Structure formats: structure tokens, C-alpha cells
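Participant: In order, the protein sequence lines correspond to chains A and B. If you're matching positions, the first sequence starts at 1 in the numbering used here and goes up one per residue. If you're matching positions, the second sequence starts at 1 in the numbering used here and goes up one per residue.
The hints are simulated quantities; they were obtained by calculation from the structure and are not laboratory data. Errors might be hidden in some of the hints.
Said to hold, decoys possible - Okay, the calculated bits of chain A under chain B, using three or more residues with CB under 8 Å as the criterion:
#, stretch
1, 6-16
2, 119-133
Said to hold, decoys possible - With a Cα cut of at most 20 Å, we get these calculated SDA-like pairs of lysine to any residue:
#, chain 1, residue 1, chain 2, residue 2
3, A, Lys-98, B, Lys-273
4, B, Lys-208, B, Lys-26
5, B, Lys-131, A, Ala-186
6, A, Lys-98, B, Ile-130
7, B, Lys-131, A, Gly-58
8, B, Lys-131, A, Arg-2
9, B, Lys-138, B, Asp-152
10, A, Lys-98, A, Tyr-5
11, A, Lys-98, B, Gly-56
12, B, Lys-138, A, Arg-99
13, B, Lys-119, B, Arg-109
14, B, Lys-108, A, Tyr-5
15, A, Lys-98, A, Glu-180
16, B, Lys-138, A, Ala-21
17, B, Lys-138, A, Gln-182
18, B, Lys-273, A, Glu-180
19, B, Lys-208, B, Gly-56
20, B, Lys-131, A, Pro-109
21, B, Lys-166, B, Asp-152
22, B, Lys-273, B, Arg-258
23, B, Lys-108, A, Arg-97
24, B, Lys-131, B, Gly-177
25, B, Lys-273, B, Gly-287
26, A, Lys-98, A, Gln-182
27, B, Lys-166, B, Glu-118
28, B, Lys-286, B, Lys-208
29, B, Lys-286, B, Ala-270
30, B, Lys-138, B, Ser-121
31, B, Lys-138, B, Arg-112
32, A, Lys-98, B, Arg-132
33, B, Lys-108, A, Thr-101
34, B, Lys-166, B, Leu-133
35, A, Lys-98, B, Phe-127
36, B, Lys-131, A, Tyr-5
37, B, Lys-138, A, Ala-186
38, B, Lys-138, A, Arg-97
All of these numbers come straight from a predicted model, not from anything done at the bench. We put the CB at the ideal spot given by N, CA and C, even for glycine.
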Amino acid sequence: MRNLYAIYRKELGHYFVSPIAYVVIGAFLALTGFFFNFFLNAVIQQSMNMEMQSMRFGMPPDMDVPAEVMRAFFGLLSTLVLFITPMLTMSVYAEERKRGTMELLMTSPVTEVEIVLGKFFASLSLFAIMLLPTAGYLVFMYLRSDPTPPWRMLLAGYAGIILLGGALLALGTFISSLTENQIIAAVLTFAAFLLVWVLDIGSNSSSTLASVLSYLSVIRHYQDFTRGVIDTSGLIYYFSFIFLFVFLTVRSVDSMRWRRA
Amino acid sequence: MIEVQDLTKSYGSVTAVDHVSFTVNKGEILGFLGPNGAGKTTTMRILTGFMPATSGTARVAGFDVFNDSLEVRRRIGYLPEAPPVYPDMSVETYLDFVARIKNVPAEKRADRITDALEKTSLADKRFELIKRLSRGYKQRVGIAQALVHDPDVIILDEPTVGLDPKQIIEVRHLIKGLAGTHTIILSTHILPEVSMTCDRVVIINKGKIAAVDTPQNLTSQLKGGQRIRVEAQAPEAALRETLAQVPGASRVQVETTRNDGHVILSVEAAQGKDIRSQVAARIIEKGWPLFELRGVSVSLEDIFLQLTTDESSQAQPAN
Chain A
1 MRNLYAIYRK ELGHYFVSPI AYVVIGAFLA LTGFFFNFFL NAVIQQSMNM EMQSMRFGMP
61 PDMDVPAEVM RAFFGLLSTL VLFITPMLTM SVYAEERKRG TMELLMTSPV TEVEIVLGKF
121 FASLSLFAIM LLPTAGYLVF MYLRSDPTPP WRMLLAGYAG IILLGGALLA LGTFISSLTE
181 NQIIAAVLTF AAFLLVWVLD IGSNSSSTLA SVLSYLSVIR HYQDFTRGVI DTSGLIYYFS
241 FIFLFVFLTV RSVDSMRWRR A
Chain B
1 MIEVQDLTKS YGSVTAVDHV SFTVNKGEIL GFLGPNGAGK TTTMRILTGF MPATSGTARV
61 AGFDVFNDSL EVRRRIGYLP EAPPVYPDMS VETYLDFVAR IKNVPAEKRA DRITDALEKT
121 SLADKRFELI KRLSRGYKQR VGIAQALVHD PDVIILDEPT VGLDPKQIIE VRHLIKGLAG
181 THTIILSTHI LPEVSMTCDR VVIINKGKIA AVDTPQNLTS QLKGGQRIRV EAQAPEAALR
241 ETLAQVPGAS RVQVETTRND GHVILSVEAA QGKDIRSQVA ARIIEKGWPL FELRGVSVSL
301 EDIFLQLTTD ESSQAQPAN
């Protein structure tokens, strides 16, 4: 446990002593800030138009502005996550192997599980740190809304994005452990992300294969969370996904001993 | 402290280490001498638990390097070929991290770090980022890293590579100072380094042990006779014949014959004989102008040639 914490501390520190964390977080916040503002304006504009129409035609306006904004915003977050997580994970093992510091870790009294979990939780923490300020936008909107939307929508949405991010980070760190080259790691990670993303492409078809594939898509379960639903099947899906790739990473790190270095 | 028995490591069809056996006693400095690709690094990586052996056993402080890997790793400090440093960390943060993963208790950490910094004369670079340090200082950080948890066994893979002569001397002093309380294995391809620091030497070539002995015995045994380099203006064949007749000269080899008639050749003398004055006398007698005559010390290259061509078939580890 103490070893895990030492690795975790070093990894998280590494993000912040190098420019990676600042650049990624900065770009992420600039984009989310811009789009939040854009969505909010667009939805408010739309609701005002509808209200004017209702005055003319006497139809009751039926629009939940905060829910609309949040649906659009969480959709945006998932897209940005697709692009940003490969940058967070590409160097996790690739750089360590290239610098020869993997040799230090592997000749220290630290187990592979401790190395892998320490690194995984560090990347997940950075991801959470990156997301945290965006909650401020939504909290601001909540406090300005009347009636205040249910807080569980906000919590479910963030639970969803953390689980989605966790799944992608687990997959990304696994790919990083397979190569010494960061660029290859980033490209392969991005390709793998797209693949697990678009598995639900046939979700409208009724064949068994299509529904199985659609169940395996990382994005399908996320959509439940953004509607405020914390579904156990979604939780089980993401935890299994993370467990699988953390496990594969442990095996991959272990196999570095057997490969010719 | 370290027992290695029939250690073999093969990568596919290539055998990097071939039935290597040796022991290192507590407090001893053992030198691993061999050309590049001889299997030094592979042997060290097996000892540190970085990679498993194909067959054979190795024990450090009584623990098997494969089955009790964590126990072994707790007792070992290891400097790989390239210092395993994180460029973005400061020297102190880095050593703190290493101390943590080497299980140094929190209350001892600060003292251990200060001690390692002092031993490697890094105290004034404590807060410097590692990427701003010169090659030599990085190497010292690598050594400090191997010392920080005060391990019983220290394994150093070419610790003086990339250092300037002054730093090399400092590192050798440091290593000598660590002996006694620590058991040390270091690898090198520099012969004087071995004779200056090590108690015993393992000469390894193509994965096999060519010799195990003290540096004194090895050098006297290997140096054999003396070699003399001669430059004179003379007919090549006549000169060679004349020198071959000098009593004690075992082999005369012409290296080059220049256009201006200068012949450069080397004469090997039998063990314990100094034939320089006789060589000079013979050349002068013949009336040939003598331009140069000097003794050439035997290089590591020659020792390897000697060991691998003449003795490798019968040489067995003496220990």
C-alpha cells in the first residue's frame, strides 16, 4: 500500500512538474468554458423563441432548460475525453521504458500490481482534477435556475464521465505498456477508443450481434448516466472494463521481464 | 553473500549467459570484466531480479532471485548502464521517491538521503533538476540512488562510464569506501579499474566465464612477456631475421613498412625477460638507423584475445 502511494505520488507529481498537466487542463477548460457558454445561450434563446410562439399560439411551453444544457454539455465532455485521454496515457509506460526507469521500478521491492494501480489512479486523479472546475459551471447554472433541477442529475453525470474516463484511461495505459514509442501509443490508443466508441453503431438494428456489440460500447452506458440514471448494468460494465484492462496491464508489465530488453 | 550456480540465459537461439557460476563473499568487491555483449549486463539483471534466468540458480543473502524476488530486491542497490533518473525531478525529490519504493522507513528517509548525497558529493546539487545536470552528475545521482536504502549488496553496471578522470577517481574511492559493509559487484571493460578497486575479478566472454582470480594474479599471469615496438630504417626481411635471433624474443611481427624504408615491427619477449637493450644493440651493430624503441603494455584487447583463443577451452572458474 505504501509502495502504491509512492508510485501514485510520483506519477501525479510528474504530470505537474512537466507542462503536460497545465497544457491539457488549460486547453480542456478553455474548450468546455466556451461550449458551456454557447450551449447555455443557445438553449435559452430557443426557450425564449418557444415562449414567444406559445404567446401567439397558446401552446404551453414544455422545456427543461438546465436538463437540455446538461445533456449537450455531458455529450461534449465525452467527446473531449476521447481526444484528451490518449494524451494523458501515451507516456505512462512508454516513456518509463525509454528512459530505463522501468528497470529501477522493477528491481525495487514493488509488485507489478502496485506499479500498475499507482499509475492508473494517478491518471484518474489528474482526470478528476481536470473535470472539477467544469462542475462549477453547472453549479452556477443550478443556483440560477428556478426550480433547481435535481442534484442527482449532476452527480450521475459526473459519475458517468469519471467511469467513462476511467475505462478509457485503463485501456490507454494498457496500450502504453505495449510499446516504447509514445506516438505509436497515442495513435493506437486513439484508434482503440474510436473502436470501442462506435460499437453501438448498429444499435438500431434488431440482430443479436448488433445488440451485443451495442452493449459493449463505452458510450451507450454513459448516456444513461447523463440522463440522471445510475444503472447497475452500467456500473458493472465500467468496473469490468477497468478491471480487465488493469489486469492486462499487470500481465503486460510482468511480461517485460521475459522479453528481450 | 551471492551464490551463482550454472546460470544460463538464452534469448531464442542466442545464449547470452552460459552456465556461469561464481560466489561473492560478504564485504568483497567483485569486478566483472568483459567486452561489450559478453553477458555482464544480463548476469546483473538476473541478480537484481529484473529478468529471470533460463536455467540455473542465483541466491543473494540466502534468497533465491526468482522465488524470493522481493526479498532480494529489498537488499540490492542497482545502477543500470544508463542512470535510471527522471529528468523533471530534482535530485532530492528523486532520491525521496527511490527511498520510498525501496521501503526506507519514513523517520530514516531524510538521513539516508543526506548520507547518499554526501557520499556521492551531490550535496550542493540537492535542489537542482536532474535534466540540468551534466552527464557525470547524472551518473552520480544514479549511484546515490543505489545507496539510498543502505543495501547489503550493490550492483553497479559500468559505474565510471561518462565521467571525467577526476570523477572516475572519486567514484573508485567511493566504491572502495563502501566495501566491507556492503558487498559490491561492478562491471567494466577497463582493466586498470578492476585492478584498482576489485578484490576479485570474473572475466566473462561470450557468456562464459574465462577466468576468476585476483587482479594481481591475472595481470601477472596474462601479461606474460613484454612487447616491444621498434621503428628502424632497414630491409624488412633482414631486420626481422636479426631480431628473431635475439635470445628471449618469441615472436617478431612486422606491422608496416613505410615508403621511406622505415619498418615498424613488434617483438614479443618471453616472460620475465627484458630484451630491449639487446634489440637496440643488434640494430646498431648492423648499422641501421634506429628511430624508436619502446615497451608496449598489454592491452585488455590482448588479454581477451589470449583468453579466448588460447585458454578458453581449458580455463575453468578457479572458484
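Participant: If a hint holds in the structure, say so; if it does not, say that too.
Facilitator: Results for each hint:
1. 6-16: holds (count 6)
2. 119-133: Coverage by chain B is violated for the stretch 119-133 of chain A (0 residues, Cβ < 8 Å).
3. Lys-98/A <-> Lys-273/B: The hint is violated at about 53 Å.
4. Lys-208/B <-> Lys-26/B: violated, 24 Å
5. Lys-131/B <-> Ala-186/A: violated, 25 Å
6. Lys-98/A <-> Ile-130/B: Status holds; Cα separation ~17 Å.
7. Lys-131/B <-> Gly-58/A: Violated, at about 71 Å.
8. Lys-131/B <-> Arg-2/A: violated, 27 Å
9. Lys-138/B <-> Asp-152/B: violated, 23 Å
10. Lys-98/A <-> Tyr-5/A: violated, 23 Å
11. Lys-98/A <-> Gly-56/B: Answer violated: Lys-98/A to Gly-56/B is near 30 Å, above 20 Å.
12. Lys-138/B <-> Arg-99/A: The hint holds at about 13 Å.
13. Lys-119/B <-> Arg-109/B: Cα-Cα ~15 Å, so holds.
14. Lys-108/B <-> Tyr-5/A: holds, 18 Å
15. Lys-98/A <-> Glu-180/A: holds, 6 Å
16. Lys-138/B <-> Ala-21/A: violated, 26 Å
17. Lys-138/B <-> Gln-182/A: Answer violated: Lys-138/B to Gln-182/A is near 24 Å, above 20 Å.
18. Lys-273/B <-> Glu-180/A: violated, 57 Å
19. Lys-208/B <-> Gly-56/B: holds, 14 Å
20. Lys-131/B <-> Pro-109/A: This hinted pair is violated, its Cα atoms lying about 26 Å apart.
21. Lys-166/B <-> Asp-152/B: violated, 27 Å
22. Lys-273/B <-> Arg-258/B: Measuring from Cα to Cα gives roughly 29 Å; hence the hint is violated.
23. Lys-108/B <-> Arg-97/A: Violated, because 30 Å separates the two Cα atoms, which is more than 20 Å.
24. Lys-131/B <-> Gly-177/B: Violated - the C-alpha atoms of Gly-177/B and Lys-131/B are around 28 Å apart, more than 20 Å.
25. Lys-273/B <-> Gly-287/B: The hint is violated at about 25 Å.
26. Lys-98/A <-> Gln-182/A: Judged against 20 Å, a Cα distance of about 9 Å means the pair holds.
27. Lys-166/B <-> Glu-118/B: holds, 17 Å
28. Lys-286/B <-> Lys-208/B: Given that 20 Å is the threshold and the Cα spacing comes to 49 Å, the pair is violated.
29. Lys-286/B <-> Ala-270/B: The hint is violated at about 24 Å.
30. Lys-138/B <-> Ser-121/B: holds, 12 Å
31. Lys-138/B <-> Arg-112/B: holds, 19 Å
32. Lys-98/A <-> Arg-132/B: holds, 19 Å
33. Lys-108/B <-> Thr-101/A: Status violated; Cα separation ~24 Å.
34. Lys-166/B <-> Leu-133/B: Since the Cα atoms of Lys-166/B and Leu-133/B sit roughly 17 Å apart, the hinted pair holds (cutoff 20 Å).
35. Lys-98/A <-> Phe-127/B: Roughly 25 Å separates the two Cα atoms, so the pair is violated.
36. Lys-131/B <-> Tyr-5/A: Violated, because 25 Å separates the two Cα atoms, which is more than 20 Å.
37. Lys-138/B <-> Ala-186/A: violated, 29 Å
38. Lys-138/B <-> Arg-97/A: Holds, at roughly 18 Å.
Checked against the numbered hints above, the structure violates hints 2, 3, 4, 5, 7, 8, 9, 10, 11, 16, 17, 18, 20, 21, 22, 23, 24, 25, 28, 29, 33, 35, 36, 37; every other hint is satisfied.
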